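Q: The chain contents come next:
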Amino acid sequence: MFLLPGFSGVMIFYLLPFFEVARRSFYQSGNGVFTGTDNYRAVFENGAFLLAVRNTLLYMAAGVPLLMGISLFLSLLLRNLVLRRKLVSAMLLPMAVPAAVMVLTLQILIDRQGVINGVLTHVSEKITALPDFSAIDYLNTEWALVVVVCSFLWKNTGYMVILWLAGLAALPKEVEEAAQVDGANRWQSWRYIIRPGLSGSFFTIGMLSVLQIFKSYREVWMVAGSYPQAHIYFLQHLLQNWYLKLEFDRMAALTVILSLVLLVVCLSLQKRTD
Amino acid sequence: MGNRLTAPAWAVREYGKWRKRRRAWLAAFICTVAAVLICAPLLMIPGGSLMDNAEMKRMLSPILGEGKGFAVWHLIPLYPTISHFYRLLIESPAFYRLFWNTVGMTAAILLGQLAVGLPSAWAFAAFRFRGRNFLFGLYVVLMLLPFQVMLLPQYIVLQKLGLYNHPAAVILPAVFSTFPVFIMYRGFTRIDTEILEAARLDGAGEWQIYFYIGLPLGKMGIQAAMVLSFLEYWNLVEQPMAFLEEQAKWPLSLYLPQITIGQAGFAFAVAVMVLIPALFVFALGQDALEEGIAYIGVKT
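Chains as they are written, first to last, in the working numbering: chain A, 1 to 274; chain B, 1001 to 1300.
Read the hints as simulated data drawn from the structure, not as lab findings. Just so you know, these numbers come straight off a predicted model, no measurement behind them. Even for Gly, the Cβ is constructed at its ideal location relative to N, Cα and C. Heads up, a few of these hints could be off.
[Said to hold, decoys possible] No more than 27 Å apart at the CA atoms, straight line, and that leaves these computed lysine-lysine pairs for DSSO-like:
#1 A:LYS173 x A:LYS86
#2 A:LYS215 x A:LYS245
#3 A:LYS271 x A:LYS215
#4 B:LYS1020 x A:LYS173
#5 A:LYS86 x B:LYS1020
#6 B:LYS1219 x A:LYS86
#7 A:LYS245 x B:LYS1249
#8 B:LYS1160 x A:LYS245
#9 B:LYS1249 x A:LYS215
#10 A:LYS173 x B:LYS1017
#11 B:LYS1160 x B:LYS1219
#12 A:LYS86 x B:LYS1017
[What the hints assert, rightly or not] So these bits of chain B aren't anywhere near chain A, every CB distance computed over 12 Å:
#13 LEU1078
#14 LYS1219
#15 GLU1246
Could you build all of it, start to finish, from the sequences and the hints given here?
A: Structure, rendered in structure tokens:
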């Protein structure tokens, strides 16, 4: 049958090892003693875990609404433009840029004595009405989270614009045109026609944005390494560092916790898309 | 509506047209600004790769910790030089090894995904079998999980199979990734089921249907999956870092961060070499790429 080779691979490399990890999360590695929920308790009592959860939630709370808002705004503007295709591809370009390349330019731009601070200082010196600008050390203060959110937006805006445009294209055009003929203004047609029509897209794109947050570790790691500033220490750093330190007990427990949380996200996503 | 004084009809029409045009221009302007902002950082790369070391050092000395003030950047170098490319392409044999590592890995993954994922996608699209919906749901969940969740499970299995520190440790899990299956599946669902039934009635075997109807008509989905996969695996970071101990086996994407900022010109030259294939694929596969992304969100 067609599915067999692929599915056996999925079993070997994804499902079986995952269940093995789930089993191990209740045991002590090495001597194989059953420890019940000890590993889970160790995770929840771990200071780094709490920090990472807090940061990840903060990152999500900032990144997801911003990403959805900006990309929706842009796609509403874009959808009737002649230049749409060119602009969309330009916005999609970051998908083709390897993380390492992006990080190289970022280092020069956002260093404490980097180009961005240079420009900002120059501007604030010229315009006396502005308060004195003292150079911010972006990566070593709480500004690090702002940098991460910006790079997340940079990377994912084009992607989400395409999803919104697909959602907008699925709306029947006649309804909106009829409303316009009847004298609805742009706010009204957004409020009563476009927004309700997009409610499915809101949900899908929101969930996909959450998942993109979890997938954006690559850039963060490349900019700041394994032990970044405390505000951008995320759950992925924790997993990666426990892996390097061979702390497999706690890692197994955390893997199970995280995948359960993400499973809920995915399942709710599926309910809506099917 | 009383006896309000109204402008002549042609004036109202002209005014409406003008307002519409103005709105379109404004929208175009805002979107262009956004697009330019998104692309702007890339403009630093070509100039940087052609810049000689003295100029680079002068510009970046504040970052390098040797000066006060702020770094500046010339988009166009004052004294262009190809010395970085010379050093990279002629004097660094290590570069070729890593470059071909990346090419080999990416090619192996894409071919594997075609060989394994394509039939799987076809199975989901063309057949209704027991447990299909459950299995498909499982595939979707797996494709959405971030790598870190699978880090420990895959480590265990690779260790058991004795593949740790072998290129296959990166290639095999990627081959069985469920993401391309999903994209190709969406491509196949665009095919009218009546065509398949007609073919079956005419006595075509399942393999014939797959090769002569499925593959040609599902081309867009296949292309989309390949483009998305290429961009993902050309840029691999976490997997080789976790599963390949020897640096000689690493891909190019892990080599670049090791070059310190003090050798920025050289790093930019490497960046150009990493970027060119990715941009090439991006330019060629743009329609497929956009189609593929839209597949992820659209309801079926």
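Q: Evaluate each hint against the coordinates.
A: We went through each hint and held it up to the structure:
no., hint, verdict
1, A:LYS173 x A:LYS86, "23 Å, holds"
2, A:LYS215 x A:LYS245, "22 Å, holds"
3, A:LYS271 x A:LYS215, "22 Å, holds"
4, B:LYS1020 x A:LYS173, "18 Å, holds"
5, A:LYS86 x B:LYS1020, "21 Å, holds"
6, B:LYS1219 x A:LYS86, "23 Å, holds"
7, A:LYS245 x B:LYS1249, "22 Å, holds"
8, B:LYS1160 x A:LYS245, "19 Å, holds"
9, B:LYS1249 x A:LYS215, "24 Å, holds"
10, A:LYS173 x B:LYS1017, "20 Å, holds"
11, B:LYS1160 x B:LYS1219, "37 Å, violated"
12, A:LYS86 x B:LYS1017, "25 Å, holds"
13, LEU1078, "17 Å, holds"
14, LYS1219, "18 Å, holds"
15, GLU1246, "16 Å, holds"
Checked against the numbered hints given earlier, the structure breaks only hint 11 and satisfies all the rest.
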